[in-house]
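So the sequence lines, in the order shown, correspond to chains A, B, C and D.
Using numbering that gives the first Met the number 0, the first residue of the first sequence is number 0, and each one after it goes up by one.
Using numbering that gives the first Met the number 0, the first residue of the second sequence is number 0, and each one after it goes up by one.
Using numbering that gives the first Met the number 0, the first residue of the third sequence is number 0, and each one after it goes up by one.
Using numbering that gives the first Met the number 0, the first residue of the fourth sequence is number 0, and each one after it goes up by one.
Treat each hint with caution, since some may be false.
Identical copies go unnamed one by one, so any copy, or any two together, can satisfy a pair.
Think about it this way: if two alpha-carbon atoms lie no more than 30 Å apart in a straight line, the pair counts; the simulated DSS-like pairs of lysine-lysine are [as the list claims (entries may be wrong)]: (1) Lys-36 / Lys-312; (2) Lys-313 / Lys-361; (3) Lys-322 / Lys-63; (4) Lys-254 / Lys-167; (5) Lys-74 / Lys-361; (6) Lys-48 / Lys-322; (7) Lys-322 / Lys-198; (8) Lys-36 / Lys-361; (9) Lys-312 / Lys-74; (10) Lys-74 / Lys-313; (11) Lys-312 / Lys-254.
Calculated directly from the structure, the hints in this document are not laboratory data.
Bear in mind the structure is a predicted one, so any value in this text is a computation, not a measurement.
Protein chains: 4
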Amino acid sequence: MAGSVLGERFKISTWGESHGAGVGVVVDGCPAGLPLKEEDIQFFLDKRKPGETKYATPRREEDKVTILSGVFEGKTTGTPISMLVENTSQKSKDYSEIAGYYRPGHADYTFDAKYGFRDYRGGGRSSGRETIGRVAAGAVAMKILEQLGIRITAYTKQIGNLVCREEKMQPGNIEKSPLRMPDLERSAEAEEYLSNKMKEHDSAGGVIECIITGMPAGIGEPVFGKLDALLAGNMVSIGAVKGVEIGSGFAAAEKSGSENNDEFYMTPAGEIHKRTNSAGGILGGISDGDDIVIRAAFKPTPSIFRPQKTVNKKGEEIEVSIKGRHDPVIMPRAVVVVEAMAAVTVVDLLFVGMSSRIDRIKEFYMD
Amino acid sequence: MAGSVLGERFKISTWGESHGAGVGVVVDGCPAGLPLKEEDIQFFLDKRKPGETKYATPRREEDKVTILSGVFEGKTTGTPISMLVENTSQKSKDYSEIAGYYRPGHADYTFDAKYGFRDYRGGGRSSGRETIGRVAAGAVAMKILEQLGIRITAYTKQIGNLVCREEKMQPGNIEKSPLRMPDLERSAEAEEYLSNKMKEHDSAGGVIECIITGMPAGIGEPVFGKLDALLAGNMVSIGAVKGVEIGSGFAAAEKSGSENNDEFYMTPAGEIHKRTNSAGGILGGISDGDDIVIRAAFKPTPSIFRPQKTVNKKGEEIEVSIKGRHDPVIMPRAVVVVEAMAAVTVVDLLFVGMSSRIDRIKEFYMD
Amino acid sequence: MAGSVLGERFKISTWGESHGAGVGVVVDGCPAGLPLKEEDIQFFLDKRKPGETKYATPRREEDKVTILSGVFEGKTTGTPISMLVENTSQKSKDYSEIAGYYRPGHADYTFDAKYGFRDYRGGGRSSGRETIGRVAAGAVAMKILEQLGIRITAYTKQIGNLVCREEKMQPGNIEKSPLRMPDLERSAEAEEYLSNKMKEHDSAGGVIECIITGMPAGIGEPVFGKLDALLAGNMVSIGAVKGVEIGSGFAAAEKSGSENNDEFYMTPAGEIHKRTNSAGGILGGISDGDDIVIRAAFKPTPSIFRPQKTVNKKGEEIEVSIKGRHDPVIMPRAVVVVEAMAAVTVVDLLFVGMSSRIDRIKEFYMD
Amino acid sequence: MAGSVLGERFKISTWGESHGAGVGVVVDGCPAGLPLKEEDIQFFLDKRKPGETKYATPRREEDKVTILSGVFEGKTTGTPISMLVENTSQKSKDYSEIAGYYRPGHADYTFDAKYGFRDYRGGGRSSGRETIGRVAAGAVAMKILEQLGIRITAYTKQIGNLVCREEKMQPGNIEKSPLRMPDLERSAEAEEYLSNKMKEHDSAGGVIECIITGMPAGIGEPVFGKLDALLAGNMVSIGAVKGVEIGSGFAAAEKSGSENNDEFYMTPAGEIHKRTNSAGGILGGISDGDDIVIRAAFKPTPSIFRPQKTVNKKGEEIEVSIKGRHDPVIMPRAVVVVEAMAAVTVVDLLFVGMSSRIDRIKEFYMD
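Modelling step: build the complete structure from the supplied sequences, incorporating the hints.
In structure tokens form, the structure reads like this:
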């Protein structure tokens, strides 16, 4: 479970540093016969790119993906899919200065503590570019989910203390907002808030919400392989995420059982549904057929231009002003990373869940 | 990663239902030479027992542990440690009624959806008794951490909206409070709040906070094996946990980078420390030598005595009143479960981390 | 992959030493709905028992299994199945002498080298009793395979240089032979050979062959998850196995391609078959629909009564004569262990293989 | 354990087909601080290349490796090492014919049975080119072992029935023989044997032996993580391997215990050694400090030019003559693949074994 490999049946191995030759991922366990082309992956990678807004780094990154294996005549073959994105826009000289000191809020110090030294160019493996491998793998997972009628949508729910209102959020608004906030009024307010932060050479945090629709009931394994446990762990594995909640989340702490329990009822079509969704679509770690609802809290970008105190490798206390090109807010670009982590988690558990019942196994192998 | 097996180098396999013959765990990967006796395990299991307070189920459970393997002449041998707790107090007749319907907030419906049927006696595998295996494994992990000077302490931070105040919390208070709340005034208020909930045949949720002290810097693996990612996932794997946060957590969303970044400084002893701990002791997924701070939100106990609407297996809408013996609040007993999950996570990553540097590997094998 | 846990989707955790409280196994990932009772397990454990012949240890072991979890109303629930066999006949005083020295051919020295000390009573974890957990898990796997029309049969193919002849082997003979040799003439000769070895206070080795029939084509994963690779590794994990071969095995080294290749042809029923089976039913690591054929070479029992030279823990060279109750030949009792390892390997790969094709996944989840 | 990912602490993910864009591997868990450059990898890849002899395919493959990540300023950083070898010499038109039928002895049929279709160009993922990823990962493992004084040497022990004689084998001869046979007389005889096979449009099999020297005692995990079990499984994962043996191997079957047991004695330096090495350096699955000895049997190359009967996808019986460029014997090029698999197995278990003893863990973390 440790390191850069994730998953049991849909297994992804990501690799790459911000200023090496490139970044990428190998996906092992993708089923054969899935239509897949580079455009499918590129679509998601493009959502991760800085874009044209002023709330993102002015770096221009091409991030063109190449599929190196596992696809033949437009379909996956069942063997590992290796995907590569070359690093083209990296200017190593930008970073030479930070080699000698520890940026507050970054992993510089802990990488040195762990490994004895580090690739100091732009964060190396702890850079946001690491998420390219996740997004590419997530794009493959998304193609699988599409075949099964499962849909994953994430968006910026909150920036600073500006929270989208349930009744004002429209899925169609997400791409209309430069911040991917589906409540456009809040989005406008958040733009102003961000502009102020930028003037103050500071940055902002927020919350991303992710909804999974079309989930069949019964997905997730008991105890340690719970759907919510794996979703939560995988969300927190995204750099900058400091918290995660499912359904009613931290608000559940203040509720009573009678408020938080979701009553079951029968739909006219004879299906079992819940009247409310405090559970966030998961009971006992297993999907209940309702929408999965998960939120991740992102800390403000630690790279800020205002002066900060820190120490250098010689053990001297110094004051630094970080230079370079940094996003004042990470959520708009992280939305697709959240979707990717949700997708790989769900696909893995869908595959794992195929052997839960002997009757279905018999059906599978003996028909 | 799925199912009832957790960990890479310190691997635990838990088993057992609330009303079967017993519950237990096999720990594979415990190092040889660790002093271990049944009393060491029992100490933690006793913290999980209902106890004498009125805020816990009146069930009397003995929960006596037996070590079946892996210990010889008072020390672990390096081979699997199998631990067994027999179920003695279970009265199956209590539960026969719930076989036919789905309790709101419970996993009855999702287990049926997944497996086609379920062991309906007291929740079966989704019962709180499942945590006995976790606590027993956690006790072994705690013994290991003790040898390394690492200490884990959890407590009830919040019940309902009553939150312990930083300045009033004393570690010595934890066991003085029947709710394991280290701010004794808040504890008294929470007792009153709970008494009211119990009168209303209702239940309460809350938050447990867990502090890990004495952690060396450098523990945790990049990307998916981040210390915070694994802690978060393993916390959410505890039934009833709906959210988790590390360090500043969800509050980070509302902060600016200059507020949330922790400045480094040099201690008089020449060590690198942080002035604040928004990071919760983890930067880039790797421990920074500071205290690890993690919080888990628990939903209110779903078993409440007041009438609730639900459906039965025949697809009829019914009203039910759950009977039996249930905790109106789960946190006081869950504190030790949180500690256990923290302990197994940290031990696993400590072991995994031993091969991070070639110089230390050489030292290990060639001296 | 290391230690006492094996498998990905059908995961077994074995535990126990020869002279501790007992031995056992936890099976995680057994599908729900499988009829299972203790008698199903006991049937296989009884095949492992010393029996009444003079070619086995005169120890009387009861080896009664108890199922502690995972079965409800006669069917598996999908949750972990914990099985326990108590150690009843162990006499620790028999073994006190060997605590101080290293028996040739045993793991005494290597356990001390690894762990610093060992449970010296009867071999501890390296004792043959460790295989009880394997056989119990194998019995569950066998029940699953039975549902799928897959059958596993192993037998003693060779003792010393006495090899069963293909044309004389009858499956019905296996249980007629005290050595489980299906060529009864060779069995009789082997009995004489063994009687001589016993008179000489010596022991004998041999070969077990295992045939898996009814295998569907397409099972096994490319590269490292090959069916033959996992079968081979798992066979060699049985103590005393020094070699393994699939199909034509080592004989393939002396053949030419035209001799070793198996030609495909069409059966009258329109199925693709092979005229010969050098492949042992596996091509490119994937089952081809033919019988799987695998052989494991067992070294002679290292516990022999004649004097041997060795060293003790003080570093003195000494001469020892091993006492106690030992099998002069291990194969007759190991036959069921080979079957068990084959069964758990095949079941795991059958489950893993369910997600190989997107069309079949769609069928599974959308019908 | 299934699929294209192998290892627990030193984890490799290989990818690529013979006629895709390239082949490669990601190594996760390589310790930081190891000097590594492309030449180190290339040295081993060059041993795998067809070379100049007439006993190998006349295909010219460049097989130039590029390190894409995980190395900074000449040293590994502890993060994943991604290595890429582009496919340059592949001529897809050579293979178009075989798309429609199943070559005897190849995985064509089983891939179709598993996945519904296959990348038919040159074997796709089941091609020998798949081993490039293994060799590249093995090269990294070799660099680690070099630091620890562990050395792995493999060579062709046997071709047809021509077996190198113990007393005539000289390590210095390996690279002098075009067949990598260290008994040069046997090598010359094997050349003649092979010439005849080639004239007959046929192919030959053989045996590779691998010796690991400098192994510390105590490496390997009990039960399923045995050193010999993992070595055996990983050897059989190499395409064309049909059998494997450790130490006395299949010959042990014909020996008595007194012949096969290795007596311990004290060296003048006060070390515990064995007088003989039937054990092949492994007792109870754990290294005993002696040389590890393992042999793998290779089937003759299935691609032969003489006519063979088979069936096509339409279900017609046909006769085919395989064209193209094929090795008449695989062992000389497979020697480095065997070394690579041995290296990755040993490194993984060395890392896993670091947490076997609490005293050594304390020393590691508290000094």
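Right, here's what the structure says about each hint:
| no. | hint | verdict |
| --- | --- | --- |
| 1 | Lys-36 / Lys-312 | between (46 Å within a copy, 27 Å between copies) |
| 2 | Lys-313 / Lys-361 | between (65 Å within a copy, 26 Å between copies) |
| 3 | Lys-322 / Lys-63 | within (26 Å within a copy, 38 Å between copies) |
| 4 | Lys-254 / Lys-167 | both (25 Å within a copy, 24 Å between copies) |
| 5 | Lys-74 / Lys-361 | both (28 Å within a copy, 16 Å between copies) |
| 6 | Lys-48 / Lys-322 | within (20 Å within a copy, 48 Å between copies) |
| 7 | Lys-322 / Lys-198 | within (15 Å within a copy, 60 Å between copies) |
| 8 | Lys-36 / Lys-361 | between (34 Å within a copy, 20 Å between copies) |
| 9 | Lys-312 / Lys-74 | between (51 Å within a copy, 19 Å between copies) |
| 10 | Lys-74 / Lys-313 | between (54 Å within a copy, 22 Å between copies) |
| 11 | Lys-312 / Lys-254 | between (49 Å within a copy, 28 Å between copies) |
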